[in-house]
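Protein chains in written order, with UniProt numbering: chain P, 1 to 159; chain Y, 1 to 164; chain X, 1 to 227.
In case anyone wonders, no lab produced these hints; they're calculated from the structure. Don't take each hint at face value.
[What the hints assert, rightly or not] Below 20 Å or equal to it, Euclidean Cα-Cα: the simulated EDC-like pairs (lysine to aspartate or glutamate) are:
(1) Lys12/X / Glu42/X
(2) Lys18/X / Glu101/P
(3) Lys75/P / Asp20/X
(4) Lys14/X / Asp10/Y
(5) Lys6/P / Asp10/Y
(6) Lys153/X / Asp66/X
[Said to hold, decoys possible] A few chain P residues that don't get close to chain Y, going by computed Cβ distances all over 12 Å:
(7) Gln23
(8) Ala90
(9) Glu148
Please read these numbers as outputs of a predicted model, since none were measured by experiment. Virtual Cβ for every residue (Gly too), placed ideally from N, Cα, C.
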Amino acid sequence: MLSQLKRLSLEVDGRYASDAELQFMSDYVKSFNLRLQTYQKLQELESKLIEQTYTKMRSLDPTLFMQGKDDFSNKWKMDTTRTFRYVAIALLINDPDTLRERLLLWFQTILHAFGMERAADVTYQILQEVVKQDLTPPQASLVCPILELTRRSLGGVSA
Amino acid sequence: MHPQIEEIFDDAGSRYLKIEELRLVAQYASSVPDRLATYRSLRDCELDVMQWVADQLQAEMPQEPEATLERSITNALLMLRHCGLTMLLNQDSIVKERFLNWVQPTVEVYNTQAIDARLYQLLNQRLDEALGKQMILLSPILLMAQNALLPQKVESVNGVAIGW
Amino acid sequence: MVTLINTQNPVKLKYPKKHDHYGFRDFFTFDPDKGTIVDWNEGQNLLTTEDFIIGLVEGLQEEVGDASAATMYVIGCEWGQKDAFFFEKWFEKEFDRNMRQASLLFLLETWWWPFTSQGWGRWEVDMGDRKQGFMFINIFDSAVARTLGDVGKPVCFLYAGLFAGFFTELVKKQLSCIEIQCYSMGETYCKFLVGGQDRIDAASFWMNEGANARDIEKRLRSGELLR
Numbered sequence: 001m002l003s004q005l006k007r008l009s010l011e012v013d014g015r016y017a018s019d020a021e022l023q024f025m026s027d028y029v030k031s032f033n034l035r036l037q038t039y040q041k042l043q044e045l046e047s048k049l050i051e052q053t054y055t056k057m058r059s060l061d062p063t064l065f066m067q068g069k070d071d072f073s074n075k076w077k078m079d080t081t082r083t084f085r086y087v088a089i090a091l092l093i094n095d096p097d098t099l100r101e102r103l104l105l106w107f108q109t110i111l112h113a114f115g116m117e118r119a120a121d122v123t124y125q126i127l128q129e130v131v132k133q134d135l136t137p138p139q140a141s142l143v144c145p146i147l148e149l150t151r152r153s154l155g156g157v158s159a
Numbered sequence: 001m002h003p004q005i006e007e008i009f010d011d012a013g014s015r016y017l018k019i020e021e022l023r024l025v026a027q028y029a030s031s032v033p034d035r036l037a038t039y040r041s042l043r044d045c046e047l048d049v050m051q052w053v054a055d056q057l058q059a060e061m062p063q064e065p066e067a068t069l070e071r072s073i074t075n076a077l078l079m080l081r082h083c084g085l086t087m088l089l090n091q092d093s094i095v096k097e098r099f100l101n102w103v104q105p106t107v108e109v110y111n112t113q114a115i116d117a118r119l120y121q122l123l124n125q126r127l128d129e130a131l132g133k134q135m136i137l138l139s140p141i142l143l144m145a146q147n148a149l150l151p152q153k154v155e156s157v158n159g160v161a162i163g164w
Numbered sequence: 001m002v003t004l005i006n007t008q009n010p011v012k013l014k015y016p017k018k019h020d021h022y023g024f025r026d027f028f029t030f031d032p033d034k035g036t037i038v039d040w041n042e043g044q045n046l047l048t049t050e051d052f053i054i055g056l057v058e059g060l061q062e063e064v065g066d067a068s069a070a071t072m073y074v075i076g077c078e079w080g081q082k083d084a085f086f087f088e089k090w091f092e093k094e095f096d097r098n099m100r101q102a103s104l105l106f107l108l109e110t111w112w113w114p115f116t117s118q119g120w121g122r123w124e125v126d127m128g129d130r131k132q133g134f135m136f137i138n139i140f141d142s143a144v145a146r147t148l149g150d151v152g153k154p155v156c157f158l159y160a161g162l163f164a165g166f167f168t169e170l171v172k173k174q175l176s177c178i179e180i181q182c183y184s185m186g187e188t189y190c191k192f193l194v195g196g197q198d199r200i201d202a203a204s205f206w207m208n209e210g211a212n213a214r215d216i217e218k219r220l221r222s223g224e225l226l227r
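The following block holds chain P by itself, in its conformation from the complex (with noise of 0.2 Å):
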């Protein structure tokens, strides 16, 4: 919504939005309070849900969280926090692109250097599935839109 209320604020100067132009903010009023209550349980279920998450991809395959012989689930844990609550806020407010050029866009670079691009993808497919455990339908449907293009961007599946 930040991003989209910047956006109009430039497209409009000068003049007045159109009812078509200002459909977004609609649109956001409606979703608040459902996009309220899943932030609250995202920050609920956070642990929990990152535990679930590491749990599940070890038990897939450990050595997604090897390099050479170095252990980083710990890095992954404090990346995968950090990226998570990222996500939430952009399921608050709306905003996909603005964690996209925040986070996102900077994050693949550097997960890239580093070779964890395979680790990120399964780390998004999984917690997708593990959210939709936990958060009731509607809400897992805001969620995992941003956590897919989370998996995309991060996984470098896509530029």
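Based on the hints, put chains Y and X in the right spot on chain P.
Frame of chain P, contents of chains Y and X only:
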């Protein structure tokens, strides 16, 4: 949105929002329907309002050259639009940085204060009639902008001086 | 030890170690009163349009004719060299370690990010042939090429010089750079070869003979060189 909401992503990775911050977001979200309604009303009545104001002004000041009146009316039109957007987005920087910053010096240069003062009186009066209760969101911003451009305070329709 | 941070950037003031700071409004601080645009690393910036790039290229062309390419390359080299020193300082400040202690790919991505934020384009580094003494860099959305459009010849001399200057400082060995594929020749992205002069000369010769980027990559990797 509230400036604090603008900063919402600054520390996004380290924490969740505090209750007060969530409240700010909720406040803005709940104010959006009223803001949208006011904005649409303003947009839809602008032509009639400005036309009336222009006609009045011309009738009252026949001695002023048309180009001079046109400049003031054009500025007032821009002011109205910037104030509308400022109100919609709840972002004062829009009217300040994109309008007042550059119009302020021109008012002095072209010496249009007297015309502008009367123009704003007419404008505010007509807007009050057109928008009624919806003026509550627009008024403070509009008066702030008008007062920034005039040396004396602008009075609202019922004669009470409102500054910012 | 308290490190005094001298910055006007509101985000940096609050979160000086925030590494994810390359969004437009994070990276740049606009001061309309002073008329300055200062970036996260306290560098001064200018906003220019494509007219600036066109003016630069065409103006130079008018002044020195065919020497304009070489001139832009040399400008790039000086820029790259100076930037290496600038980069070393801000990298150390941000990551609390010497740049030579960092993982190379991470170091390079970090070096290039300000350029991306500034609009020079996104890149991809291919260090696969590093041990053989050369490397490739892809640039997507080169500001110069995109501005000039399809003109039938490579135009990113500034970039080539930048890479040559920077990498020479980084590895402390004389390196040159040549653009072997360009958006301005109808390609979808620009490709650069960085390496010793002999490699660059070879690539240049092959290009004149009509070789494309893939040919050049193949020949270099198979150890071919000019005699």
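| Within a Cα-Cα threshold of 20 Å, do Lys18/X and Glu101/P meet the stated pairing? | holds (15 Å)
| field | 20 Å Cα cutoff - pair Lys75/P, Asp20/X | value | holds (16 Å)
| query | Lys6/P and Asp10/Y: Cα distance at most 20 Å? | reply | holds (16 Å)
| field | Restraint status (C-alpha distance of Lys14/X to Asp10/Y at most 20 Å) | value | Given that 20 Å is the threshold and the Cα spacing comes to 9 Å, the pair holds.
| message | A cut-off of 12 Å on Cβ-Cβ distance, and Gln23/P was said to be off the interface with chain Y. Does that hold? | response | violated (10 Å)
| Hint consistency between Lys12/X and Glu42/X [alpha-carbon to alpha-carbon, up to 20 Å] | Satisfied, since the Cα-Cα distance of roughly 11 Å is no more than 20 Å.
| query | Within 20 Å, alpha carbon to alpha carbon, are Lys153/X and Asp66/X? | reply | Between Lys153/X and Asp66/X the Cα gap is close to 13 Å, so the pair holds against 20 Å.
| field | Exclusion check [Ala90/P not at the chain Y interface, CB over 12 Å] | value | violated (8 Å)
| message | Over 12 Å from every CB of chain Y: does Glu148/P meet that, or does the non-interface label fail? | response | holds (19 Å)
Comparing the model with each numbered hint stated earlier shows that hints 7 and 8 do not hold.
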